[in-house]
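Peer 1: Spelled out, the chains give:
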Amino acid sequence: MATIKLQDLWKHYGEVQAVRGINLDIAHNEFVALVGPSGCGKTTTLRMIAGLEDITGGMVQIGDRVVNEVPPKDRDIAMVFQNYALYPHMSVYQNMSFGLRIRKTSKEEIDRRVQNAADILNIGELLERRPKQLSGGQRQRVAMGRAIVRDPVVFLFDEPLSNLDAKLRVQMRTEIKKIHQRVQTTVVYVTHDQIEAMTLADRIVVMNNGVIEQVGTPDEMYSNPRTHFVASFIGSPSMNFTPCNLTKTAGGLAVRLNDDISLPVPEERAARYASYADKEMIFGIRPEHVTERRQHANGAQQDIDANVNVLEPMGIDTMVFFSLGPTEICARAEPSAVSNVGESMGFTVNMDKMHLIDPSTDAVV
Amino acid sequence: MSSNEMTAMTTSSGELLAENKVPFWRLRKAFANYVALIPYLAFALFPFYIIFITSLKSKQEINNLGESPFWATGIAVENFTYLATNTSFFEHWMVNTLIVTTVSTIISVTVGILAAYALARLKFRGVELFGVAVFITYLVPQTLLFLPLIDVVNAIDDYIPIRDTYWSLILTYPTFLIPFVTWLLMGYFRTIPVEVEECAYLDGCSRLGALFRVVLPMAIPGIICAILFSYTLSWNEFLYSLVFIQDEHAKTLSVGVFTELIRGDIYFWGSLMAACLLGTLPIVILYGFLMDYYTSGLTQGAIK
Ligand SMILES: Nc1ncnc2c1ncn2[C@@H]1O[C@H](COP(=O)(O)OP(=O)(O)OP(=O)(O)O)[C@@H](O)[C@H]1O
Ligand SMILES: [Mg+2]
Chain A
5 MATIKLQDLW
15 KHYGEVQAVR
25 GINLDIAHNE
35 FVALVGPSGC
45 GKTTTLRMIA
55 GLEDITGGMV
65 QIGDRVVNEV
75 PPKDRDIAMV
85 FQNYALYPHM
95 SVYQNMSFGL
105 RIRKTSKEEI
115 DRRVQNAADI
125 LNIGELLERR
135 PKQLSGGQRQ
145 RVAMGRAIVR
155 DPVVFLFDEP
165 LSNLDAKLRV
175 QMRTEIKKIH
185 QRVQTTVVYV
195 THDQIEAMTL
205 ADRIVVMNNG
215 VIEQVGTPDE
225 MYSNPRTHFV
235 ASFIGSPSMN
245 FTPCNLTKTA
255 GGLAVRLNDD
265 ISLPVPEERA
275 ARYASYADKE
285 MIFGIRPEHV
295 TERRQHANGA
305 QQDIDANVNV
315 LEPMGIDTMV
325 FFSLGPTEIC
335 ARAEPSAVSN
345 VGESMGFTVN
355 MDKMHLIDPS
365 TDAVV
Chain B
25 MSSNEMTAMT
35 TSSGELLAEN
45 KVPFWRLRKA
55 FANYVALIPY
65 LAFALFPFYI
75 IFITSLKSKQ
85 EINNLGESPF
95 WATGIAVENF
105 TYLATNTSFF
115 EHWMVNTLIV
125 TTVSTIISVT
135 VGILAAYALA
145 RLKFRGVELF
155 GVAVFITYLV
165 PQTLLFLPLI
175 DVVNAIDDYI
185 PIRDTYWSLI
195 LTYPTFLIPF
205 VTWLLMGYFR
215 TIPVEVEECA
225 YLDGCSRLGA
235 LFRVVLPMAI
245 PGIICAILFS
255 YTLSWNEFLY
265 SLVFIQDEHA
275 KTLSVGVFTE
285 LIRGDIYFWG
295 SLMAACLLGT
305 LPIVILYGFL
315 MDYYTSGLTQ
325 GAIK
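First to last, the protein sequences are chains A and B. Convert by adding 4 to the 1-based position in the first sequence; the result is the number in the working numbering. Convert by adding 24 to the 1-based position in the second sequence; the result is the number in the working numbering.
Hints were generated in silico from the structure; no laboratory data involved. The structure displayed is predicted, hence computed values, not measured ones. Among the hints, a few may not be true.
Simulated restraints, written as ranges between beta carbons of each label pair [what the hints assert, rightly or not]:
#1 B:Leu-69 <-> A:Gln-137: 36 to 42 Å
#2 B:Asp-271 <-> A:Gln-137: 53 to 59 Å
#3 B:Phe-72 <-> A:Arg-107: 53 to 59 Å
Only part of the chain A face toward chain B is listed, based on derived beta-carbon distances under 7 Å [claimed, not checked]:
#4 Phe-85
#5 Tyr-91
#6 Ile-106
Just so you know, even glycine gets a beta-carbon here, dropped at the ideal spot from N, CA and C.
Only chain A is shown next, with the shape it has when bound in the complex:
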């Protein structure tokens, strides 16, 4: 059983606190994605799990074994590095079989596993080549192959796709997903690309500044972010935020954006927001919940009018930017229903999907 347990994990580099007290439980065969902005401590966390970095404080447990003091070679972990780190003096076959040879696996078994991995990754014809004779995408596959043949208890990926072009990245993303379905193993996958995290992971861990902001399934992260940071990080294009005042009205509460626009809060949320009445808050709404004017299904949908600033056609939808008070809002509209730049356009805001953030704590309430 390859569960991973991180308990109050700290890492200091001299004055720099790279990781500041992380707690995380990863289940057997679970695919967990670590996301966060550059420098938030993702790589550091991964390297501590692998044993490549000393642990300043806390505990790392793999299976039932605390591995703080276990050297990397005895942890049975395979890692795909951000820059692949292939052995340049070995052929692809030797690269992939290196770990097995060190562990004294029999020749037939090595051959079988390498062939199998080469089939999965479609690199059968490359086995005799040296890394320098491969393209970036092929090197990436070899790096994965080297991890797969080992059949380790834990897979660690450190932004394995970040060096590939956009098309190959999407292709390899699907490939990784398939591989995880075929080769059931616990996976920790570091990326700063939230789409990768959403599509691949069973659970997403959002990190910021060395701490975990939120852990949850991709769905939870998308619809119920718990902090301002998570709300802004997950989803593409990212959520709109604008300062507002939560006012009491005859019918309940309303989000007052400026003198002209006040959007009523759906009734079922009134109780939840009651204690924040009359406070300065941040109103958050995703672009896909601000659309061209639509027929109202219920009272939670509100109309606003604004002048179009910028249009960004995306094919299936067009992103429409308009000003709302001090901020610019991005809406996602049907291309046929979009007005020209500078002209007025009617929008519908789906208040069922709104988020309210308390600026004093940055928490989503």
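Mind docking chain B with the ligands on chain A? Use the hints.
Peer 2: Then chain B with the ligands, alone, in the frame of chain A:
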């Protein structure tokens, strides 16, 4: 593909290849490159040329001031036979030099690899200080170091007789070779991506295993470079050899040639030059063999 098709292809693929003529600017550029090399070649090769020509001249020809010193009228082998019959050139000096050079190179490169790896990769207190210390040791001139070393050799000689044998050189050459090799390899190890080594750990290697199976193979150009330089340095070494060895049979090439072929103010020019020529050959051969490795980019393709 038949030659007909080839012609068809070249003509159809345009004016560029039609005539297969080298453009004039290319010729001019190539010419300029060679012209630029001439002064270098003159300085670097002229001494060798003189050595070579002189070694082929007979005694009469060398002493005949009417002859041009830059050209030989015939090929004489007497200088070489003199070396073989009247000196210990082949059976002692050459052999001694080979032994001393090889053994001290092996010792220095081995110790240097381990030291350089430790200084480049391990994290321990004072690691930077060590690195600087290595550099400073390397800077202390040999002409100062040989004085205390005489004392050391004498002290050891009280227990094991090493004075007047090549063992005194095998022991003392590493004192200047090791700092040099360490310094050179330290820089080289730092260019090897750490991740590749870490990958070896995750693949099940111990630190020593990773060093031998992954780091050293990747460092081959650097190691070759270290071998070449320490081989050359000890091959050409003069001072220690002169100081520590008086016995004619225990001498190395550089000192043997100098002390036995120059007697007072009599210079045996012909055999001196023949000795120089033969003395450089092993180094030239070594370079010839190792140069390919030295220049090949072995770490290519490791990352990205
Ligand atoms: N060896 C080191 N010495 C000192 N500080 C370090 C070291 N390695 C990382 N850091 C610091 O620790 C913090 C976390 O680094 P880490 O590499 O984990 O970030 P990351 O989340 O992987 O970022 P990225 O997305 O850019 O790869 C950064 O502020 C970084 O500067
Ligand atoms: Mg990183």
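Peer 1: Against this structure, judge whether each hint is valid.
Peer 2: A quick look at each hint next to the structure:
Restraint check, Leu-69 (chain B) to Gln-137 (chain A): a C-beta distance of roughly 38 Å satisfies the suggested window 36 to 42 Å. Evaluation of the 53 to 59 Å hint for Asp-271 (chain B) and Gln-137 (chain A) yields a pass: the beta carbon distance comes to about 56 Å. The hint said 53 to 59 Å for the Cβ distance between Phe-72 (chain B) and Arg-107 (chain A), and at roughly 55 Å that hint holds. Hint status for Phe-85 (chain A): holds, given a least beta-carbon distance of 5 Å to chain B, under 7 Å.
Here the hint on Tyr-91 (chain A) is kept, as its CB sits about 6 Å from the closest CB of chain B, short of 7 Å. Evaluation of the Ile-106 (chain A) hint against chain B yields a held restraint, the C-beta minimum of about 4 Å falling below 7 Å.
When held up to the earlier numbered hints, the structure conflicts with none and fits them all.
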